[in-house]
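Undergrad: In case you want the letters, here they are:
There are 2 protein chains.
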Amino acid sequence: MVHINHHYLKLRAGYLFPEIARRVNAFAQANPQARIIRMGIGDVTEPLTPAITKAMHEAVDEMAQRSSFKGYGPEQGYGFLREAVAEQDFRARGVDISADEIFISDGSKCDTGNILDIFGCDNRIAISDPVYPVYVDTNVMAGHTGPADESGRFEGLVYLVGNEANGFVPELPSEPVDLIYLCYPNNPTGTVASRETLARWVQYAKASNALILFDAAYEAFISDPSIPHSIFEIEGAKDVAVEFRSFSKSIGFTGIRCALTVVPKQLMGTAPGGERVSIHQLWNRRQSTKFNGASYVVQKGAAAAYTPEGRAEMRGLIEFYMNNARLLREGLTAAGLTVFGGVNAPYVWVRTPAGLGSWEFFDLLLSKANVVGTPGSGFGAAGEGYFRLSAFNSLANVQEALQRIRGVL
Amino acid sequence: MVHINHHYLKLRAGYLFPEIARRVNAFAQANPQARIIRMGIGDVTEPLTPAITKAMHEAVDEMAQRSSFKGYGPEQGYGFLREAVAEQDFRARGVDISADEIFISDGSKCDTGNILDIFGCDNRIAISDPVYPVYVDTNVMAGHTGPADESGRFEGLVYLVGNEANGFVPELPSEPVDLIYLCYPNNPTGTVASRETLARWVQYAKASNALILFDAAYEAFISDPSIPHSIFEIEGAKDVAVEFRSFSKSIGFTGIRCALTVVPKQLMGTAPGGERVSIHQLWNRRQSTKFNGASYVVQKGAAAAYTPEGRAEMRGLIEFYMNNARLLREGLTAAGLTVFGGVNAPYVWVRTPAGLGSWEFFDLLLSKANVVGTPGSGFGAAGEGYFRLSAFNSLANVQEALQRIRGVL
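Chains as they are written, first to last, in full-length UniProt numbering: chain A, 1 to 409; chain B, 1 to 409.
There's no promise every hint is true.
Claimed, not checked - For lysine-lysine, the following BS3-like pairs were computed, each having C-alpha atoms within a straight-line distance of at most 27 angstroms:
1. Lys10(B) <-> Lys265(A)
2. Lys10(B) <-> Lys54(A)
3. Lys206(B) <-> Lys265(B)
4. Lys54(B) <-> Lys70(B)
5. Lys70(A) <-> Lys54(A)
6. Lys54(B) <-> Lys54(A)
7. Lys10(A) <-> Lys265(B)
8. Lys54(A) <-> Lys10(A)
9. Lys70(A) <-> Lys54(B)
Claimed, not checked - If you anchor each label on the Cβ, the simulated ranges turn out as follows:
10. Gln88(A) <-> Leu395(B): 41 to 49 angstroms
11. Thr338(A) <-> Gln88(B): 49 to 57 angstroms
12. Ala92(A) <-> Val408(B): 31 to 39 angstroms
13. Gly146(A) <-> Arg315(B): 33 to 41 angstroms
14. Glu235(A) <-> Gly156(B): 42 to 50 angstroms
15. Tyr15(A) <-> Cys121(B): 18 to 26 angstroms
Everything labelled a hint here was simulated from the structure, so no lab data went into it. Where is the CB? At the ideal position from N, CA and C, for every residue including glycine.
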């Protein structure tokens, strides 16, 4: 008799984004004339830029010629991309990361989920609240939690609450933890971590032999020069952290699929007998056994983002989305809402007006303004009473959404 | 203190393909003039065909225009590809599989490894020997085994031995098992399973509530019309099997990355309380949470293989490689070797001559003929005394390899 992984049964049926899709579809069917503006999922809308398009065309042509055809690539990614990342994303910022510490993949969602494969089941897990739901769900699926309570919190996880009092930057945990998920610039709140905040986490992790899983998927959107783009800008972080990065938002690759994970070679975990084991070797073994590398065509496209033309085009895309974020932040503030984020991140995080619950505000905006956002409570219990709007949209849609939202407040 | 997944430490350091690479590199460095012919890894050598190249170029262009740009796709794959697969790979062969039972991914290696996520840790696992090493290694990594013995066999796995007596088609297990890996056409032996053989497995699985993980990555290479391409050609298989398929070998996608997994909606597993749970829903939840879909450009390329031009080009590729397989089979037989496979699969499986061990024969061919193959023992204890040669190469290389091998026998 084949047994299932029963931990999946602990997951709540009403997963955030499908539940949003269900409500939006129901509304759209009942109101076929409504022009719905979707600012829920953080999905890019601007096309691939010319440098990237050109590189991908060239890669397809290479694959169409026997002399330049490529079969299996390295599971860890091609050297041309790993080198470009190491040089431009790290060494150019004074961070000593080598190409072979960089693992190219098909997405950060995959990497942040799959990384649990290499850790034991007996770690105490700390996760921010509110947070990107994948961290929680993959831990539930891996059997690292008990059941959820009514607010959706899972037994056995240590929740690090972000709220207005701490500026949505949680304090260090008050109980011992082993694996810590941090995400800055933050999804969903759009807040950033200062150098001092990150240094405090690195110090904590060192003192307790903990490991930080640092999600930097939105680092390209940082404009404040004092804010670190990488946790490895903090002294000692290479002893305690893994970092996830993504091409999804910075160069419009949500449908193209490319990301990377940085695993320093000096990073160690502990085996049951106390033996210290290289996390880099474990992740390399995991990827070599369960992954076959990202598509060559995709990696060539990503590498084009490191050419001077590609860099300039990427900056253009980011400026475009961050102008949307500014408009949202300013427009919603002018409309009387309390707004966070939107400065160094493409998300604005709004306190719902008049004490409305997150889903109540969602339904209000959907039905009256035909604008879709994401209820804060979908990101965790501490997100209740908040709402996320994404800056990934056309300028015209952002302007119209603002006008409509103002009309219903 | 962060604990690692200590099951990884049970894996043998000398993983098959890296060990081959190590020996080949050492030989190449010592003999820089040697022109080494690589027939070890089953990696395609022929370029992408025109229909596929054209579709990928068009997809890149779509992504370069705001009006046709696509962000996140469905995690399960685009409808256009799922429909084409369901229609042409299944319904056209009289097999009732619907598009929403097909999950598009970035590779069969990923899928065959990741599928374990949705099963419990208490299943008894049966794996053929010799076999594609990923099935064993992913079970070791998931903690489903004890340590390995000297022959490399892991405690707790049920090995289904294929040998000359049973034509490399293992018998049913003599002890109860819950999860069964089958791979036909077989990697590494190149043998196929008849309709009767598969029917026996389906019957066994039904009787014992077991589940078959059927790897059909090489189905496109079947020429004998009596051999099933899919386990779902067997009555009742939709109650007991998941099937993996790949675009890697059939249309040259090892570097492009696309595969698919078929999970029938009626397939059920058992929760600890005895509750029956849909495997389709579990896999959908796994993929939605830990995967973000295959690249749009890649899926458009794969879909082009289902156009009349694409079909014809694919047949051309397969005929090309199967002609190589025929030459290898005939040439090695004429040289006095005992040869299996190579008729409905792109691999030939050779009994090593003069009682040489698999690695001894590997070293002999490498050093004397400068030809690289794969030692059978790398695929499991039962592969000792055998050797795999891949038909994925140029005609000229196959001909020269044959001549050189004949010269050293």
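Undergrad: Determine which of the earlier numbered hints do not hold for this structure and return their numbers in increasing order.
TA: Going through the list in order, the structure violates hints 2, 8, 12, 13 and respects the others.
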